[in-house]
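Visitor: Next come the chains, spelled out residue by residue.
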Amino acid sequence: MSAREPAWRVLAHEFAASSEEIRARGEKEASYLISPLGARMNRVIVAGSIEPAESIGRDPSATFYRAKLSDPTGAMALTAGSYQPRAAAQLSAITERSLAIVIGKAHLYRGRDGSAVASIRAEAVQPVGEHSYQLQLLDAVEQTVTRIELSERLRAPDPPTDERLSSEGVPELWRRGVRVAREMYPSVDPAAFRPGLLTVLDVVEGVRPVPDETPSSKVAVRRDAPKAPPPPPVREDRVAEAALLELIDELSDGSMDGYADLKEAVGRAREQGLSSERTEELIDRLEASGVLEEPIVGKLRRA
Amino acid sequence: MAVLPVPTTPEAEVPLRSLSASVSPVSIIARVVRAELREVTRRSDGGRRPVLTGLLSDGSATVRFTWWDPPKAGVDVGMVLRASPAEVREFRGRVELNFSFRTRVEEASEVELPKLRPEEIPLTRLDALTDGSEGLWVEARVAATGSKSVTVGSERRVVFEGRLADSSGSVGFTAWVDFGLKAGEAIRVTGGYVRSFRGRPQLTLDERSSIERIDGVGLPSAESVREPTRRTVSDLELASGADHTRVEGTVVGLLPPSGLVERCPNCRRTLTGGSCRLHGHVPPVADLRARMVLDDGTGALTVNCGRADTERLWGVSLSTCLERASDRSYAPELEEELARAILGRRLRVDGRAVKDDFGVTVFPDSITTVSPDIRSSAAGLRRRVRRGAA
Chain A
1 MSAREPAWRV
11 LAHEFAASSE
21 EIRARGEKEA
31 SYLISPLGAR
41 MNRVIVAGSI
51 EPAESIGRDP
61 SATFYRAKLS
71 DPTGAMALTA
81 GSYQPRAAAQ
91 LSAITERSLA
101 IVIGKAHLYR
111 GRDGSAVASI
121 RAEAVQPVGE
131 HSYQLQLLDA
141 VEQTVTRIEL
151 SERLRAPDPP
161 TDERLSSEGV
171 PELWRRGVRV
181 AREMYPSVDP
191 AAFRPGLLTV
201 LDVVEGVRPV
211 PDETPSSKVA
221 VRRDAPKAPP
231 PPPVREDRVA
241 EAALLELIDE
251 LSDGSMDGYA
261 DLKEAVGRAR
271 EQGLSSERTE
281 ELIDRLEASG
291 VLEEPIVGKL
301 RRA
Chain B
1 MAVLPVPTTP
11 EAEVPLRSLS
21 ASVSPVSIIA
31 RVVRAELREV
41 TRRSDGGRRP
51 VLTGLLSDGS
61 ATVRFTWWDP
71 PKAGVDVGMV
81 LRASPAEVRE
91 FRGRVELNFS
101 FRTRVEEASE
111 VELPKLRPEE
121 IPLTRLDALT
131 DGSEGLWVEA
141 RVAATGSKSV
151 TVGSERRVVF
161 EGRLADSSGS
171 VGFTAWVDFG
181 LKAGEAIRVT
191 GGYVRSFRGR
201 PQLTLDERSS
211 IERIDGVGLP
221 SAESVREPTR
231 RTVSDLELAS
241 GADHTRVEGT
251 VVGLLPPSGL
261 VERCPNCRRT
271 LTGGSCRLHG
281 HVPPVADLRA
291 RMVLDDGTGA
301 LTVNCGRADT
311 ERLWGVSLST
321 CLERASDRSY
331 APELEEELAR
341 AILGRRLRVD
351 GRAVKDDFGV
361 TVFPDSITTV
371 SPDIRSSAAG
381 LRRRVRRGAA
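Quick note, the sequences are listed as chains A and B, same order. Count the first sequence with this note's numbering and you get residues 1 to 303, in order. Count the second sequence with this note's numbering and you get residues 1 to 390, in order.
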């Protein structure tokens, strides 16, 4: 089946709480970011106010843009690079805070400490008026509350069968998403996302103004505690660190944007006999001691 | 001592629907639907042997047949034949008939064709009709009727057409005879066959189909079948498309070729590099189109928007585009501008949905901008969000 992935209507509080994914195994498979409510997101459509984008990277021919999109429940990170020329052009054209609808691919970066950051790789950024913004928010509230209701039913002691849900007209993709989320986020309470939806409705009904500042209806989703700080370096660490730094310098000098790609660095280090765990551990330490920084997920440079 | 049955010519004709390789040989009576006379060259001595192949139908089913050494004049399409004993074979899962030198084939009369009795045929729901279904029994509400004049060969004929609906869906029909159908009537159809027309099954009612008026209990009402049925994208994917359907969603993309395009003057296909896939290099005819990706959160489909709808949604006319696009290189900019004009728009599309390898495509009858009342939708949603929280 080659049906196009649907664009999931999602709000910032659900998106930001998404920390699990299903990775593509084959070339033709898609990756999915799974939300606690069962949005099984490859593509998303979101609405919010966007701040002027920040351009990252030294090479003007391969500019990479990053922007923040806020809705009444929180904020989401947007990115667009040379592979999304239309979105990059649209993002860079935004010179003041404005309302927009964004269609893009959900992306998850998992840090070495186990933390997960979801972002949207924009495919299209469409500036809109207030009416379209409100309509899009309503659409997101409707589909989010549908996911909440479905999650609550499936997490209840006597959950409905798949046939039952199918006969009620619940689309197959939605049923699958909620089931996967129940496995991946066993301890989440779907009702925790309801207050955020009321905030959105307040904004839509004009009870609350369209927010200037990023508010927060942040829903805490329990994750593993970060690991203990690394132990102080010993001599052999110093040698390995020096080799790694040299490698990173080499990679960033040769790259278009002036950054060393993390994956590439790990790969090259492996050729030199450093295991990927060992490389990650060294990078952690170098970052902690302020030698390296990672301003974009997966991109390293000297601090 | 047991007496072994001697293979003899069976007396009664077998309906084509009941043929199987295990009951061979058989007697059949059926109408020639298609026939082609060829010659096969024998490899051993280069001798040539005539063979006639084609399709036979008796209203219960259509099967391929092969007739070795047929009459020199061949047979006419429409002729009714009785053949006995005919051999039944199975080829690639389909039943075929074979007439050999032992088979007596003679012309028979139309009245000898088996009468289709409804009780022998299962009732078929409209959404289960597929290309090739025949000898049918369907019960449906007439949703729309019309007629048009077409040229068949050298004569003008009137074709009666329309749409039938039941609770499972709806299907277009054409009839070569006037059954006097009126919109709103409930009917029982026996006979008929289904052919695929522009990617959707279409029911053809021939002379041998019979129509009976019924009370229509259990069928959707006359009012409800006039309106298109609202479906989600996911429903349309599952049902492999639908006739007379309605879908609502947000425009999330624009697929090429969209915007200002050049078409072939003969077949209206979009030209690539100034040439038509079928007719080669042709003088281009300018047109506007938009292949919009419409998404409702359950899936995404393509809406194939013609010139009038594109102009209306975009607010830019073909002539304006042509004034601005003095050369072809300007087309991408126009496409970009069209994308900006329609992305994020909330649309309601009525039309015919067809599914192929690339997903579902809708050929719209009408496209309208949806503008729900924000206050009342928000209030309704607020109740729903609160209900669970209580």
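Hint data in this document are derived by calculation from the structure and do not stem from the laboratory. Among the clues, some could well be false.
Here are the in silico distance ranges between beta carbons for each label pair [stated by the list, open to error]:
id	chain 1	residue 1	chain 2	residue 2	range
1	B	Leu255	A	Gly273	44 to 50 Å
2	B	Ala379	A	Glu163	45 to 51 Å
3	B	Ala379	A	Val117	34 to 40 Å
4	A	Gly129	B	Arg188	50 to 56 Å
5	A	Ser187	B	Glu90	54 to 60 Å
6	B	Pro257	A	Gly129	25 to 31 Å
7	A	Glu54	B	Ala379	34 to 40 Å
Here are some of the chain B residues that sit facing chain A, going by a computed Cβ distance under 8 Å [stated by the list, open to error]:
id	residue
8	Val75
9	Val293
10	Ile374
11	Arg384
Distance condition first, Cα-Cα at most 20 Å in a straight line; then the derived EDC-like pairs of lysine to aspartate or glutamate [what the hints assert, rightly or not]:
id	chain 1	residue 1	chain 2	residue 2
12	A	Lys28	B	Asp206
13	A	Lys28	B	Asp357
14	B	Lys148	B	Asp206
Source: prediction; values computed, not measured. The C-beta atom is built at its ideal place from N, Cα and C for all residues, glycine as well.
Visitor: Compare the structure with each hint and give your call.
Guide: Checked hints:
For the pair leucine 255 of chain B and glycine 273 of chain A, the beta carbons lie near 49 Å from each other, so the given range of 44 to 50 Å is met. Range check, alanine 379 of chain B to glutamate 163 of chain A: Cβ separation about 34 Å, and the 45 to 51 Å hint is violated. One distance hint, 34 to 40 Å for the beta-carbon pair alanine 379 of chain B and valine 117 of chain A, holds here, with the actual separation near 36 Å. Taking the beta carbon of each, glycine 129 of chain A and arginine 188 of chain B are about 54 Å apart, inside 50 to 56 Å as hinted.
Checked against the hint of 54 to 60 Å, the pair serine 187 of chain A and glutamate 90 of chain B passes, with Cβ atoms roughly 59 Å apart. Between proline 257 of chain B and glycine 129 of chain A the beta carbon distance is about 29 Å. The supplied range of 25 to 31 Å therefore holds. At about 39 Å, the CB distance of glutamate 54 of chain A to alanine 379 of chain B agrees with the hint of 34 to 40 Å. Using the Cβ-Cβ criterion of 8 Å, the hint placing valine 75 of chain B at the interface with chain A is not satisfied: the shortest such distance is roughly 45 Å.
Of the supplied interface hints, the one on valine 293 of chain B holds, with its beta-carbon coming within about 7 Å of a beta-carbon of chain A, less than 8 Å. Proximity of isoleucine 374 of chain B to chain A holds as hinted, the smallest CB-CB distance being about 5 Å (cut-off 8 Å). At about 5 Å, the closest approach between the beta carbon of arginine 384 of chain B and any beta carbon in chain A falls short of 8 Å, and the interface hint on this residue holds. In summary, the hint linking lysine 28 of chain A to aspartate 206 of chain B is not supported, as the alpha carbons are separated by about 47 Å, beyond the 20 Å threshold.
Among the hinted pairs, lysine 28 of chain A with aspartate 357 of chain B is consistent with the structure: their alpha-carbon atoms are about 15 Å apart, no more than 20 Å. Note on lysine 148 of chain B and aspartate 206 of chain B: the hinted pairing holds, with a Cα-Cα distance of about 16 Å set against a maximum of 20 Å.
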